[in-house]
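First to last, the protein sequences are chains A and B. Each residue of the first sequence is one higher than the last, beginning at 1 in my numbering. Each residue of the second sequence is one higher than the last, beginning at 1 in my numbering.
Just so you know, the hints here were simulated from the structure itself, not pulled from any lab data. All figures in this text were calculated on a predicted structure; none of them were measured in a lab. Don't take each hint at face value.
Per the computed footprint, the stretches of chain B lying under chain A, defined by three or more beta-carbons under 8 Å from a beta-carbon of chain A, are [what the hints assert, rightly or not]: (1) 35-41; (2) 98-112; (3) 189-197.
Computed footprint of chain B on chain A, listed as stretches where at least three residues anywhere in the stretch have a Cβ under 8 Å from a Cβ of chain B [stated by the list, open to error]: (4) 165-176; (5) 289-300; (6) 318-329; (7) 367-379.
Yeah, the Cβ is synthetic: ideal placement off N, Cα and C, and Gly gets one too.
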Amino acid sequence: MSLLSVSHLRKSFGGAVALRDASLELRAGETLALIGENGAGKSTLIKILAGVVAPDGGSIQLDGEPATLRDPGEAHRRGFRFIHQELNFVPSLSAAENIFMGRGYPRRFGLVDWGALHARASSALRALDVNHIGARTSMARLSIGDRMLVKIAAAFVEDADAPARIFVMDEPTAALTGEESARLFRILDSLRRRGCGILYVSHRLDEVLAVADRISVLRDGETRATLTANEASKTELIELMMGHSAAEAVGPVIAPESERVVLSAQGLSGEGLRDVSFELREGEILGFAGLANAGTERLTNVLISNARTGRVTLDGASLKLFGPADAWKRGFAIVPRERRAQGLLMAHDIANNVALPHLDRVNRLRLFVDRGAERARAAEMGRRVRLRSTGTLQKVRKLSGGNQQKVVFARAVAGTPRVLLLDEPTRGVDVVAKFDIYALLRDLAAHGTGVIVVSSDHEEILQLCSRVVVMREGRVAAVVSTEALAPRRLLALCYGEATG
Amino acid sequence: MPLLLRRYGTAIGFVAVIVVFWLRLPETFLTSRNLLNITQQMSMLAVVSSTMTVVMAMGDFDLSVGSIASLAGIVAALVFVWGGSPWIAVPAALAIGLAGGLLNGFLVAYVGILPFIVTLGTLTIFSGLAFCLSGGKTIFGSAIPSSFGGFARGGLPLGPFEITIPNLTLVAVGVLLVVWVFLEQTVYGRRLYAIGGNAEAARLAGVRIRPLRLAAFGLSGLGAASAGLMLASRVASANPTQGAGLMLDAIASVFLGTTMSDEGQPRVIFSLLGVLMLGVLGNGLTQMNVDSYVREMITGSIIIVAVAASSLGRAREA
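Start from the sequences, fold in the hints, and give me the full structure.
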């Protein structure tokens, strides 16, 4: 019997389509795995099931009856339990309080029944075979893995009014040890035998193949296939996730002519990175690829911070940097991952945003702002990045996402950088702006700038870079040439399914 | 129309208040003598409000300005009691203010404590110190040199207009100009506003946040000490609670100013308008014999209405 059936779900955010046509069916007593690349729509689908996001179209059926999930409370009442990938918790409260967070503490005479709270939390933890975490311990004192266990326990607390029937897990083992994962799987197994359905979302294909009965593959917001786990192979899954859509022609990748090394890193460690070494040549666009938490997202930060070990050289000279201010001064330019949170002053105008890192060079008497020079420079850089605006005095928050990103690029190129550090340079950017940015990067590289591109968009890496550094678990797993590198081989490298 | 009201609502209200006072007090309100009087009354607040704008441009607060002002006045008076001249007393008081501000800045920027907590703590510390040093008493009388007390009573005569610009007003205008140039014209001011706009983005764009925060709080301490000296000069005495009212009024005036500025940023010119509004209200209501407690209630209500109207307008616009 079908516990949960999702048909033809659609959801867009603004102009961006997150789900196009997602369907899946979860039967009682089975584990269905849901896999897909970053941005394939998995998290949107989970959010819809959790009642956090309302779909634009399509339908959800529970036990064959149409159902609407208006809010998280309703999802809980209908028997959904979620273990989310992000750890949302209140550090100052105890494990027991975090377990009951969001569902109401047990009460007696209108007051919190602390005895029952701790007893029920303890039994939920014991059910997981977790005996080393006290229910009264504050979350702040627990390790990341233990916090995850507490969050998992929260999904297993019994609720007589709304029995659990469907467990949705998003990368639950990301922070667990092998032993802890094995314990979780045993519990899932017993839940499954009791007739619950489990929707299991994970990047770890080995795990998926071991745990799941069936596997659904999402790509570009559509369910592309549903396979029986016994019959599926990893290669097949990767192929399905990637699709065969030919990469749009944006011109061939240009390899640098110079052999000169601009930037080199040897044995870089810190913030989860371990012994990372690479060389960036003059005029090279070097890609960094990896799955979530592989370490690529911290690479640029580690490179320019002093909280690291290892040796970095710029043009052959040893380099010690104490953060972004130093980095800009020494000829780096930074394009951070999140343009709203880390890139732009939204309430300020374009000229201001472009000038910010260059105030030391564009000024009068080293003290006074040179507004005229700033505006002229911003206008020139705006043309260079093909910025569409009403003028350099336009507020950045009034620009579209693609043009905002171009402002960040205008800022980066305004200082004629030696090394450009890009983190997800075209995330959430429309296609036209994306190609403008690619053209700019190639032009910069042709003039000798070394460019580092950290991106989870493999197509982007294959279109831009002549070499790619593949990272896994904080280490460099492979450095490969992108010449004749098939997308599925790059993905396989990220998963550790192939060797460089 | 809503946009117009948001941008100019406070200014329109200001003009309306002036018109009401002018009609109710035709003889006394709109006279050069009364207006100059207002500027003198408000000069201390104008100074503190200007330097408070520097701190608030970064999105921080300084709650300790009132007690730094009191402490600075006490320090100057003690120097006089010990026989020092104004040439020693004034720099000593300013140095105390600067040191207090730098302490705030150090705790905020380098230790990483929230400005609200830090300055709430130093507020009581400096206030306690002022009481300790003065023995809880007002220091006055012959120990205070007449050159010090006379400064506040003096002014710059403008012959042709038969008016005298009070010295305190001139000091306030001077501080205001310096702060305006600093915030609006220098690269440091630009970076402060960048921190206030988005601290993380500013950091990643190469702004060194910590030294700037340290300096901004230092400046705020210096401004507070100047105001403390002005207060002491005006009454030719020093009292450990003299500056107590400055902090709330300074923050209120900056907030009133933000209702008039583009994008709601604290700008020193608009902070000055905020100060003048508070001054005009106080002056007019006093002349109309409105009870001082009622006056406080009216002032508080006006601040809340102005800020609420502005943020509602902004929310609708977004």
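Cross-check of the supplied hints:
1. 35-41: violated (count 0)
2. 98-112: Check failed, 0 qualifying residues.
3. 189-197: holds (count 6)
4. 165-176: violated (count 0)
5. 289-300: Check failed, 0 qualifying residues.
6. 318-329: Coverage by chain B holds for the segment 318-329 of chain A (6 residues, Cβ < 8 Å).
7. 367-379: holds (count 3)
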